[in-house]
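Read in order, the letters of the sequence shown are residues 1 to 142 in UniProt numbering.
In case anyone wonders, no lab produced these hints; they're calculated from the structure. Virtual Cβ for every residue (Gly too), placed ideally from N, Cα, C. One should not assume that every hint holds.
List time: in silico SDA-like cross-link candidates among lysine to any residue, alpha-carbon distance up to 20 Å [said to hold, decoys possible]: (1) Lys50 / Leu66; (2) Lys35 / Lys68; (3) Lys92 / Val30; (4) Lys46 / Val88; (5) Lys46 / Pro11; (6) Lys46 / Gln22; (7) Lys68 / Asn26; (8) Lys48 / Glu98; (9) Lys48 / Leu66; (10) Lys50 / Lys68; (11) Lys68 / Glu98; (12) Lys35 / Gln53; (13) Lys46 / Glu98; (14) Lys48 / Lys68; (15) Lys68 / Glu36; (16) Lys50 / Gln22; (17) Lys46 / Pro16; (18) Lys35 / Gln22; (19) Lys50 / Ile1; (20) Lys50 / Glu36; (21) Lys136 / Pro126; (22) Lys48 / Pro89; (23) Lys68 / Val30; (24) Lys35 / Leu59.
So the derived label-pair ranges between C-beta atoms look like this [what the hints assert, rightly or not]: (25) Lys46 / Glu17: 48 to 54 Å; (26) Asp42 / Glu15: 19 to 25 Å; (27) Thr19 / Pro133: 53 to 59 Å; (28) Ser37 / His62: 42 to 48 Å; (29) Gly93 / Ala132: 36 to 42 Å.
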Amino acid sequence: ILDACRYLDIPCILEPEKTHPQDFGNPGRVRVAIKESGKYLDEQYKTKRKLIQLVGQFLVEHPTTLQKVQELPGPPELQQGGYIPERVPRVKGLKMNEIVPLHSPFTIKHPSTKSVYEREPEPAPPAAVPKAPKQKKIMVRR
1 ILDACRYLDI
11 PCILEPEKTH
21 PQDFGNPGRV
31 RVAIKESGKY
41 LDEQYKTKRK
51 LIQLVGQFLV
61 EHPTTLQKVQ
71 ELPGPPELQQ
81 GGYIPERVPR
91 VKGLKMNEIV
101 PLHSPFTIKH
111 PSTKSVYERE
121 PEPAPPAAVP
131 KAPKQKKIMV
141 RR
């Protein structure tokens with residue numbers, strides 16, 4: 001989205017630390033300036049809907065690839081180690097992209113989520129504990 005805004009000559013800022021609660025694996029927010037001092041910067045982008053349509057057209061024409069992700073700046077520890085981005089396997093129960101930014105917690109090399117992609121051995125079923133017999137009460141009518 002940031003590349004699309006730059007291509008369209010729209011002032012924008014990337015905030016990599018921001019995330020959406022339902023899309024925590026794809027961090028980052030792009031803030032876009034449509035107005036300045038109450039006036040539109042460009043009459044072509046008067047509404048948010050029109051801007052989203054133009055960004056969508058750009059994204060269709062320029063799909064995200066692993067090569068593009070590698071060219072982007074990322075965390076220093078990944079850049080110095082010669083990190084090569086990989087497609088992220090989908091986790092059951094989550095809607096997610098296969099290509100995520102380098103600073104995403106879904107990156108396979110990220111220590112906090114590495115365990116999500118490794119299969120854990122299934123625990124042995126617990127031994128059945130015998131039930132205690134019920135206490136019987138006899139009621140005598142008089």
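Status of the hints after comparison with the structure:
no.	hint	verdict
1	Lys50 / Leu66	violated, 29 Å
2	Lys35 / Lys68	violated, 30 Å
3	Lys92 / Val30	violated, 28 Å
4	Lys46 / Val88	violated, 37 Å
5	Lys46 / Pro11	holds, 14 Å
6	Lys46 / Gln22	violated, 29 Å
7	Lys68 / Asn26	holds, 16 Å
8	Lys48 / Glu98	violated, 27 Å
9	Lys48 / Leu66	violated, 29 Å
10	Lys50 / Lys68	violated, 26 Å
11	Lys68 / Glu98	holds, 14 Å
12	Lys35 / Gln53	holds, 18 Å
13	Lys46 / Glu98	violated, 33 Å
14	Lys48 / Lys68	violated, 27 Å
15	Lys68 / Glu36	violated, 32 Å
16	Lys50 / Gln22	violated, 25 Å
17	Lys46 / Pro16	violated, 26 Å
18	Lys35 / Gln22	violated, 28 Å
19	Lys50 / Ile1	holds, 14 Å
20	Lys50 / Glu36	holds, 18 Å
21	Lys136 / Pro126	violated, 29 Å
22	Lys48 / Pro89	violated, 33 Å
23	Lys68 / Val30	holds, 18 Å
24	Lys35 / Leu59	violated, 23 Å
25	Lys46 / Glu17: 48 to 54 Å	violated, 30 Å
26	Asp42 / Glu15: 19 to 25 Å	holds, 22 Å
27	Thr19 / Pro133: 53 to 59 Å	holds, 56 Å
28	Ser37 / His62: 42 to 48 Å	violated, 32 Å
29	Gly93 / Ala132: 36 to 42 Å	holds, 39 Å
Figure legend: structure checked against the earlier numbered hints; hints not met, in rising order: 1, 2, 3, 4, 6, 8, 9, 10, 13, 14, 15, 16, 17, 18, 21, 22, 24, 25 and 28.
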